[in-house]
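A.B. asks: Starting from the given sequences, assemble the full structure and let the hints guide the process.
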Amino acid sequence: MTSPERDPAAAGLLAEQLLLDLREANEKLILAAIESAELKDRAEAAQAAAELSARALQESKRELLANAEFREQLLTIVGHDLRNPLAAIAMATQLLVNHGQLSKADLKLTVMVKKSAMRMQNMIAHLLDFTRVRLGDGLGIQAKPVDLRSICKQAIGELAVQPGVEIHSEFDGDLTGVWDGPRLIQVMSNILGNAVDHATPGTPVLLRACKKDANAEVVVEISNQGPPIPADLLPVLFAAFRSGRDLTHSKLGHVGLGLYIAREIIVSHGGTLAAGSAGGTTTFSICLPRPSDPE
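Heads up: the sequence shown runs through residues 20 to 314, numbered per our numbering.
Since the hints were derived computationally from the structure, they do not count as laboratory data.
Take the hints with a grain of salt, since some may be wrong.
[Unchecked claim] DSBU-like, lysine-lysine: derived pairs with alpha carbons at most 35 Å apart:
{"id": "1", "residue 1": "Lys133", "residue 2": "Lys172"}
{"id": "2", "residue 1": "Lys59", "residue 2": "Lys47"}
{"id": "3", "residue 1": "Lys133", "residue 2": "Lys123"}
{"id": "4", "residue 1": "Lys133", "residue 2": "Lys80"}
{"id": "5", "residue 1": "Lys172", "residue 2": "Lys123"}
{"id": "6", "residue 1": "Lys80", "residue 2": "Lys59"}
{"id": "7", "residue 1": "Lys133", "residue 2": "Lys163"}
{"id": "8", "residue 1": "Lys127", "residue 2": "Lys163"}
{"id": "9", "residue 1": "Lys172", "residue 2": "Lys134"}
{"id": "10", "residue 1": "Lys59", "residue 2": "Lys163"}
{"id": "11", "residue 1": "Lys59", "residue 2": "Lys127"}
{"id": "12", "residue 1": "Lys230", "residue 2": "Lys163"}
{"id": "13", "residue 1": "Lys123", "residue 2": "Lys134"}
{"id": "14", "residue 1": "Lys80", "residue 2": "Lys172"}
C.D. replies: Have a look at this one:
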C-alpha cells in the first residue's frame with residue numbers, strides 16, 4: 020500500500036479534502052458567529068423594549084395613582100368645605116319655619132330650600148364615606164349596646180314625614196346588640212329610601228326585623244312592590260356609582276353611593292347585605308351578628 024507521503028496524487032487528494040473540510044468549518048463558524056450576533060441583537064432589543072415597557076407601565080401606574088389621590092383629596096376637601104355652609108342653611112331655614120311668621124308662599128319656599136340642603140348634606144356624607152373607604156381609613160365603626168327596633172323606627176320616622184310615603188314595620192324577638200347605632204340608622208335610611216324611590220305609587224314599603232333562632236343573628240328585610248331589579252344589574256347593585264334602573268339618581272339625595280355605603284357599614288359589622296326580586300317584590304336582606312348581648 021502506497022502512503023500519501025510517497026504518492027503525490029494521494030497527497031494532493033488528501034490536501035484538497037482537508038481544504039474543503041477547513042472551508043466548511045470556517046463557513047459554519049461564520050454562520051454561527053452571525054447567528055450569535057443576531058441573537059444578541061434580538062436579545063438586546065427585547066431587553067430594551069421590556070425596560071421601556073416597564074418604565075411606561077410604572078409611569079402609567081404613578082399617573083393613575085396620582086389622579087386617584089387627587090380625586091379623593093378633592094372629594095374630601097369639597098365635602099368638608101361644603102358641609103359647614105350647608106349646615107348653616109339648613110339651620111337657618113329650620114329657624115324660619117319654627118318662627119312661624121312666614122307667608123304660605125314663603126314657607127313653601129323655605130321648606131324647599133331646607134329639603135334641598137338636607138339632600139346635599141346626604142350626598143356629601145356619602146362622598147366622604149366613599150373617600151374614607153377608598154383611602155383605606157375605614158368607616159370608623161363605634162359599637163355600643165343598642166336596640167335595632169329603635170334604630171329602625173327612627174329611620175322610618177325620618178322618611179314617613181314625606182307626602183305619599185307609607186312604611187309598615189314588624190318586629191319580633193330580642194333585637195338588642197352591640198353595634199354602631201348612627202351607622203345602622205344610615206344603613207336603614209339608605210335602603211328604605213331606595214325602596215321608597217322604586218315602590219309602585221300607592222303601595223307601602225315593609226320593614227321586618229327579627230332574631231334568628233338557629234344562631235345569634237338579627238335579620239332585617241326591607242321590601243317594596245314594583246319593577247324587579249334587572250338580572251344584569253344584580254351583580255353590581257352594591258358597587259359605587261353603579262348604573263341602570265335609575266338607581267344612581269335618587270330623589271332622596273343619593274348619588275349612586277347609598278347602597279355601596281350601606282354594604283360597607285354592614286360588612287364592617289361582620290354582617291351581610293343582599294338583594295333579590297321575585298313575584299313583583301324586591302327585598303333587601305340585612306344579617307347582623309350579635310357577638311355579645313349587652314348587660
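A.B. asks: Each hint needs a verdict: does it hold in this structure or not?
C.D. replies: To see whether the hints hold, each was checked on the structure:
| no. | hint | result |
| --- | --- | --- |
| 1 | Lys133 to Lys172 | 23 Å, holds |
| 2 | Lys59 to Lys47 | 18 Å, holds |
| 3 | Lys133 to Lys123 | 15 Å, holds |
| 4 | Lys133 to Lys80 | 43 Å, violated |
| 5 | Lys172 to Lys123 | 31 Å, holds |
| 6 | Lys80 to Lys59 | 31 Å, holds |
| 7 | Lys133 to Lys163 | 32 Å, holds |
| 8 | Lys127 to Lys163 | 40 Å, violated |
| 9 | Lys172 to Lys134 | 21 Å, holds |
| 10 | Lys59 to Lys163 | 69 Å, violated |
| 11 | Lys59 to Lys127 | 81 Å, violated |
| 12 | Lys230 to Lys163 | 18 Å, holds |
| 13 | Lys123 to Lys134 | 17 Å, holds |
| 14 | Lys80 to Lys172 | 47 Å, violated |
In summary, the numbered hints that this structure violates are 4, 8, 10, 11 and 14.
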